[in-house]
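Residue numbers (the working numbering), protein chains in the order written: chain A, 3 to 483; chain B, 23 to 344; chain C, 381 to 665.
Be a bit skeptical, because a hint or two may be false.
As the list claims (entries may be wrong) - Examples of chain A residues lying across from chain B (beta carbon under 8 Å, computed):
(1) Phe6
(2) Ala9
(3) Val17
(4) Asp307
(5) Asp425
(6) Thr446
(7) Phe450
(8) Glu479
Treat the hints as calculated values from the structure; they're not laboratory data. From the three backbone atoms N, C-alpha and C, an ideal C-beta is built for every residue, glycine too.
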Amino acid sequence: MSLFKYAPAPESRAVVDIASSYGLFIDGEFVDGTGTAFKTINPATEEVLSEIAEASTADIDLAVKAARKAYVKVWSKMAPAERGKYLYRIARIMQERAREFAVLETLNNGKPIRESRDVDVPLAAAHFFYHAGWADKLAHAGLGSAPKPHGVVGQIIPWNFPLLMLAWKVAPALATGNTVVLKPAETTPLTALLFADVCQQAGLPPGVVNIVTGAGSTGAALVSHPDINKIAFTGSTKVGKAIAREILGTSKSVTLELGGKGANIVYDDAPIDETIEGIVNGIFFNQGHVCCAGSRLLVQENVHDEVLDRLQRRMGQLRVGDPMDKNTDVGAINSAAQLARITELATTGDSEGANRWSAPCDLPAKGFWYAPTIFTGVTQAHRIAREEIFGPVLSVLTFRTPAEAIEKANNTPYGLSAGIWTDKGSRILWTAARLRAGVVWANTFNRFDPTSPFGGYKESGWGREGGRHGLAAYLKEGEQS
Amino acid sequence: MSGTAYSALIDGTDHSGLSRFLSALPTVDQVGAEGRAAMLGTRSIKTTSKAYAIDTAISMIDLTTLEGSDTPGKVRALCAKAVRPDPTDASTPRVAAICVYNDMVGVAREHLDSIGGQDIRVAAVATAFPSGRASIAVKLQDTRDAINAGATEIDMVIDRGAFLSGNYGKVFDEITQIRQACGSGETRAHLKVILETGELVTYDNVRRASWLAMLAGADFIKTSTGKISPAATAPVVLVMLEAVRDFQARTGKQIGVKPAGGIRSTKDAIKQLVLVNETVGSDWLTPKLFRIGASSLLNDLLLQRQKLSSGHYSGPNYVTLD
Amino acid sequence: MSRLSVRKTYKLFIGGAFPRSESGRSYKVMDKSGNFIANPAMASRKDARDAVVAARSALSGWSGTTAYNRGQILYRVAELMESRRDEFIEEVSLCEGIGKGKSAKVLDAAIDRWVWYAGWSDKLGSILGATNPVAGPFYNFSIPEPVGVVALIAPQDSSLLGLIDLLGAALTSGNTVVALASEKAPLPAITLSEVLATSDVPAGVVNILTGNTKEVAPWLASHMDVDAINLAGVEMDDVRQLASEATDNLKRVIPPKSQDWSRTPTLTAMTSTLEVKTVWHPIGV
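Same shape as in the complex, but just chain A (with noise of 0.2 Å):
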């Protein structure tokens, strides 16, 4: 017998060049923020990778009257093809730079290099070419011969896949006609501020994109300045009801993207590996800071055992650590808030009673660290089955009949996501129709794609992001006059 250890792999971290300090991006410049600038640091060392400028109330008045002018002068003005071929450029040169920014959206994320290059920047890529063809075809898009931009868009994204939340919110806004003010979130703003270098070797017009960095008071600037149109908003449901009520009263819109409690139901006829392999996918992909991930894994009572031996054995392959290691599985949580969050609601797990276990591995001594972790014997009382964790923690809970997983399935105010895994075709369809979330991968989880809606039922938002029902929530409706 031998011992396959594999030496550190960590992928070079010579492609960025960080600054020591970053401003804001308005009308197409770094400017100097006048609030009280803050440190961002790599969640997998907790080494201060920059000091990043404040927002404040004057600040986004500022950015938001760029965004006014850009709109009013050039944006909507531009003929729609002209406006396509900007993205296109912006596609192109994010994927030119994609190794940086996945190198810097590890650095500053926490999550794996793999993740961030195999997934988040070629997405994020792909976003914007996408877009780019829908700039002159929004008459087909089934929102009236001449559809209309809201104007000025504000929109928030979180930190947990901080570039590809950009391209789902910039993307559309762009190609729909009309300019943004985005604010990325506090702890990762850092590929947000190269993305702002991205749109000015693009050439694209001044103002079109703005980038205001902060925290939370940031965000409720944005969302209360009165010449904003449209708010896009993703995080947390708590934020999007106070976003939503924020707005009574005014004439913006509102989409939001909220959090998440997602099914992943097993029937006992599953592809197993494949199987093992999606319920993993579904909550250890990027340390489950996932509004869709699969965190509460159903199982058909009659396999639980089998399920439960095979997801461990392979739980102990998972490769904890190094974000930058091309070899890692699973990286750093993104902060200590959100790591504290974490242990807390984990907690109430082991003291209402459910069974932890927790993947063998050695957690580095500095950064924010979770081990991938299991609760069994968890049931729909359990708090750990009813709030969102956001972290590498699944609760594994049984049904017997499908009925009874629809039922347990649903039985949460949240409706973004659930997974079915079954060979049967037509208990697929069953199961799909009955489930009460805006995604449902069948055989599959965690995956995405700008052609395919995204977006939730009930408390996990308002709208959609992705594909030709994601326009809507940058369109109004309208007929050629």
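Chain A is fixed; fit chains B and C onto it per the hints.
Here is chains B and C on its own, set in the frame of chain A:
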């Protein structure tokens, strides 16, 4: 031995039980299996782990020539290469075996013994290789000829026609008969059962054929003859490794796996070792349980090995061509 | 000597039955000149609660009905309304204070609106669904689905046509409904509920309440088991508060807008109570 494993898993020896058992195996989702194999293909094996992988891969090679144009001279040259893969570096491991048609077994055994290669085994392809289209009497004689000539490993092909027509019993019986012809006790020849996965096409079939071969007494399950494409693709090997893993879980018995055909580069070989490592675990990373059927692969491994030890790239004039 | 007519008792319509309000209350409805017309039931919050329960329990059946069948059932409502023309014309005229001729036109439009929506049930999936060409070996499709239980605060001015417009838009895709009728002009809505009760619309699919809008609407807006709310009949001053309550469970909120109910509706009338579900499946052998 095989009978024990078989009866432990299926009811008695009637073939309808076998058929029911194979049909009840979990299915394989093609996209999921290929996705998993592709992900494992992204593993980056560097420095010390690469050196380990290269030497391990060399030691697992069944150095193969299976041509109509094979001659004693060609086979002797291959034997020399097997014993001393890199004449400039004595630390290079030897390959596991030489794999030839049965009429070349004698030549290979005799030459290996004469040049100090007693530890290298001789494997013979048998049972009307590669098509398997002959009577069982011919297949048995083919096998006995190889063993009589000194083969200690038999690489048999299954009857794919019988398998695809649902006649699992016929395939099973042939394997058990060939296994009996391999002898018994200490001197029994090891039996590798070639599934020819390129003709079985679906991963569901690969899984069923793997179980069928293991139940019938295979020591190894082998992907391909090398005469049909596709051969040892990563997802096929993944599905076969899953089968041996699950077979061990249910019977306690460790079955070997041999990918053969299409593995030509060091990168391909290392991907195979990663598949093994992350599917069945490092227990299987031994020539006793994992072999790679190949011919040109060895030189690429040697070139990479030279690069690692010297720090610069080598060239084809620095490895032996036979 | 003329015969003394037998007056109708105007009651609520919940779960296919016609209860009085559990509160025992009623209120006076007057015509334009201030003459007494009727004492319909005055729904309480508990009636609203019961109606939501009825709508929720009817949802899986109604949304699971084939689109073809739903279309036929809605078309049947139009048929039945035709047979009660005189009654509707009388009530609309009385409640809305318009002449019989105008009232007849409203009725024609209302019946035709059922027919229009009936025809949509089996087209929505084709028009609003999609197969999405994802970059991988997956079959991916998006389909519209009903959002669930829809609360309708029916328009105050258009007591029959406006109500039917909102009902048709919600029902054709498979939603179930709790409707709060026009406060001042509730009689056509109640008569409509009698039509619905004798139609093939299953019990609980449509529930109609009469009463005080300001009292009942907040209970529907804040109800955590209501999925969407149309605020058509809410006073502008109350919209913000109701919408705020509706965000407690992120209901889909359809704000009031000035509307000519006689015009053919747009698709938006229906899409506002639809969700889009996207399903992925690998393609392989």
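Here is what the structure says about each hint:
1. Phe6: Holds, because the Cβ-Cβ distance from A:Phe6 to chain B comes to roughly 4 Å (cut-off 8 Å).
2. Ala9: holds, 4 Å
3. Val17: violated, 16 Å
4. Asp307: violated, 12 Å
5. Asp425: Hint on A:Asp425: holds, closest Cβ of chain B at ~5 Å, below 8 Å.
6. Thr446: OK, holds: A:Thr446 within 8 Å of chain B, min 7 Å.
7. Phe450: violated, 14 Å
8. Glu479: violated, 38 Å
Comparing the model with each earlier hint shows violations of hints 3, 4, 7 and 8; every other hint is respected.
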